[in-house]
Every structure is written in C-alpha cells, then in structure tokens.
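Take the sequences, apply the hints, and build the full model.
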Amino acid sequence: MDGAMILEWVIKSIFLILVMTGGFAYVTLYERKVLARIQVRIGPNRAGPFGVLQPVADGIKLIFKEELVPAKADKLIFTLAPVLTVIPALIITAVVPWGTEVTLFGRTIKLYLADINIAVLYLMAVTSISIYGIALAGWSSNNKYATLGGLRATAQMISYELALGFAMIVPVMMAGSMSLVDIVESQKPVWFVFVQPLAFLIYFIAALAEINRSPFDMPEAEQELTAGYHTEYSGMKFALFFMAEYIKMIAISMIGSSLFLGGYRGPFVDQLPALGPLYLFIKVAIVLFVIIWIRATLPRIRYDRLMQFGWKVLFPLALLNVFVTGVVLILVGG
Amino acid sequence: MLTTGTIIFGVFALVVIASALGMLLSRNAIYAALFLVLNFATVAVLYLILGAPFIALVQITVYAGSIMVLFLFVIMLLGAEKLPAGEPLGHHRWIALLFGLVFLAELALFLVYRAGMRAAVNTPPLEFGSPAAVGMSLFQKYALPFEITGFILVVATVGAILLTRGEGFKGRKRTLEIQSQDK
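Residue numbers (the working numbering), protein chains in the order written: chain E, -4 to 329; chain D, 3 to 185.
Please note that a few of the clues may not be correct.
[Unchecked claim] Result set (DSSO-like, lysine-lysine): computed pairs, CA atoms no more than 30 Å apart in a straight line: (1) 139/E <-> 67/E; (2) 7/E <-> 183/E; (3) 84/D <-> 70/E; (4) 139/E <-> 143/D.
[To be verified] Reference listing, derived: stretches of chain E covered by chain D, where coverage requires no fewer than 3 residues with Cβ under 8 Å from a Cβ of chain D: (5) 117 to 128; (6) 278 to 286.
Since the hints were made in silico from the structure, they are not lab data.
Ideal Cβ positions, reconstructed from N, Cα and C, are used throughout, including at glycine.
Here it is, written out as structure tokens:
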C-alpha cells in the first residue's frame, strides 16, 4: 500500500461523495420535471435555462431558513439524527463498480472504490443501520406525529429488509460470489433480470419500501402525520433528510442495476472501458424514471395492508424464489 | 513494540469499554441503547482488524441493525425511556459485587498462570474468516449444530406468533365452527 494508492482511494471517495450529492441536487430537478410532464405542467423553468439552476436556488433558500429546535426535544439526538440518516446513504454505494479499469495519466485506475468479497453483506449491513436516523429523528422531536412517523418507518423498514435480503441473495447464488464486481461480470452472457424477473421485482418493491418512497411513503403520509418523522425539522437539518431520501433513490437504482441489469456492462464495453460509467448512468436514469413514474401513478397504500403485503406476500415469495433457485442451480450446475 | 495495528486496536478497545460503561451508567434508555449500538459497531471493527470481515458485517447487520433497532422500537413505543433515578436493587447489589470480585480474581489468576500461553495460540490462516470458509465449516463440519440452532429458532418463532395471536386465533376458529354449523 503506497502513498499514491491511498491518494487514489481518497480521490475516488471524494469523487463518489460529490457525484452522490450533485446527483441528489439534480434528481430533485429530474423528479419535478418528470412529475410536471406526467401531470401536463411545465415544471420549474425560471432559475437558469430550462430551470437547471433550480436546485442551487433551493439550496440557498434552505441555508437562510431559521433552524428551529422544539423546546422539549432531546437536542443532542435531534441534531445527530439527520447526520445518521445521511451517512449510510452516502457510504452504501462504495462497493458498487462503475466500470472495469481505465488508464489515466499513465496509471491504471480501477473504476470501483472497494471490491470486497462480502459486498452484498455490506449493503445489508448499511441498509439495516440506516433505520436509526429516521427512528431517532421521530423520537427526539417530542412530537406525536413525528414519533408515529418514526415508529412506522422502523416497523416498515424491518419488515421489508427481509424480503430485500432474500432478493439480493439470488444474484449472489447465480454468480457464486458476494463481490459486486463478480456479480456484474457474471452477467456477461445474460442479465439476471431475464433469468430472475421475480427476484428483481421483489428487490424493486422492497427497496421502494426500504427508502420510504411512494406508494410506501407511510412514514410521511401528509394527511395523517403532517410530515412524519421530519415534521419538526427546518433549514439545513431538513435539507439533510431530503438529501438522504434522494441519495437513497440513486443508491438503490445503482445497486439494482448492478445486481440485475448488468451494471456497467453493455455493447463494446470490453473494447472501450470508459463506456462503463455511461451505461451505468443510463440504467440508473431509467430506474429513477420508473420510481418517479410510480410516484406519479400509484396512490399510497394503507399501513396495515403494507405490513400484510410485506410479511404475507413478499417475504414468502422471496423465500420460495431462493429455494427454487437453489434447487435449479444444483440440478443444472451439478 | 507499538505497531500501527496495535495503536488502532488500543483506540477501538478504549471506545468499546467506554461505550459499554456509558450503556451501564446512562439514565436514559434511548442513550443506553445507542451506547450499545456503538459498542457492537466497534466490536465489529475489532473483528475487521482480526481479519474476519464476514463476522464483522454479520455483527453489524444482526446485532446493531436488527436486534438493537427492535430494542429502540420497543423503548420508543412504550415511552419507557426515562429510567427510575435509583436502581431498586437492594441486597442484590452486594451479591453482584461479590460475583464481580470473583470474576476479577479469576481473570487475574488466569493472567498470572497462563501469561506465557499466549504465544501457543496458532494464528489461523488469512482465509479463515472469508465467507466461503465460514460457509464450508458451517455446512460441513458443524452441519448438525447449525440445523439444531435453526430448528430451535423456528420453534421459537412459531411460539412467538402463537402467543401474539392468542385470543384472536381462538375467536376466528370459533367463528369458523359457527359458520360450518350454520350450513
């Protein structure tokens, strides 16, 4: 491990964080534009050409907002909760590869931050940790709506984590490795989504529930809970929750693309490795579009239905899928 | 000799002890739970230093990520975060002190008599903690204990579900009986 290696890792980490935060800013714009088109509106178009400066304007506005802390809130945890929400969202994509390797300034650079042999387990670990921020935000606000929102989020995320885990095991079984680089490489002949459509569907639904996106955005159901766990948050603390939500959207799109949609693989990627990140970007953009489309189309489902669906439909299906995959793999692979 | 590894281990070991003490001494159940989460996470880092990434991440997923989330959930749901000021222990305190002293003496004796034995422990190969190696030993060498553990867990799950269903289950059964009598 030489100095240049450490420098390379630091640069890659900073690059990843910048991409995720910049991506957050523009996914908000992307969502507003797409939603506007679906609802036959124009969407934000005042700040800059085609509204491209809208995220900047939003950011500046939020910086100048007053930061309120409720009188009887637990101040330490109230401040800690947004940070605890953003950090898992930022670090989860560390194991997702963007490409194979490129030569830059006479140095071969691998286009991934960490190729560890337990990458999928790392994803599960970070997902399970990400509940704390939301649960604590709800509790520390000393507000009934916020506490209820936090509790709902916790119950929902624990329930859907199981199905999510079982859906992520399927690509691991197919590839015979927990490393995401190996999983993407083993999708060279055919993407896993074509062999395992059910696993992809379960992954997608469970991931939507995991990041509290519509139609599973129970924790922040406006009609019942005002704004759920972040009711009492304002200014930059609110911006951090907002940021975490959109970064998680990007993260599940990247992970889903890598596990099921061939990741950075595409035509001519072996000859021209620089195409890898471009393919991944296109796939992520398409998955994000579907997520926004679902938000524009489906109403929120009721909370008890959501729990029943998670435990009685999604979880047994995911278990069955893993079982069938295992049997078939043994029969075929020998 | 102080190597980088030893220094890192020392720092994390101190965090482990400090967070464990914080968990014991904290008067707020939420803070106690959070100290325990920190403790689990730091122990996971110690596993990583020992070259066992699989165990480290399982520790985070299962203990820090699932069990402690459930603890936190129950504390928040019941609103039981404020613990009483004085522990209603009574004479248990003295028994606990006695057992603690016995344990301390045992540790000291072990250190005195077995201090030279440390070198005798074989360093396992680097592959020892890899997921494939863990899986192999779980499903081949320890297949029976693994299955028994799984069986016990299934029994516990079924029992828990039965307990929570309680009256509702019987009530539904009775409804079904009445319905079948009507036909």
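Consistency of the hints with the structure:
{"no.": "1", "hint": "139/E <-> 67/E", "in the structure": "12 Å, holds"}
{"no.": "2", "hint": "7/E <-> 183/E", "in the structure": "26 Å, holds"}
{"no.": "3", "hint": "84/D <-> 70/E", "in the structure": "16 Å, holds"}
{"no.": "4", "hint": "139/E <-> 143/D", "in the structure": "52 Å, violated"}
{"no.": "5", "hint": "117 to 128", "in the structure": "holds (count 8)"}
{"no.": "6", "hint": "278 to 286", "in the structure": "violated (count 0)"}
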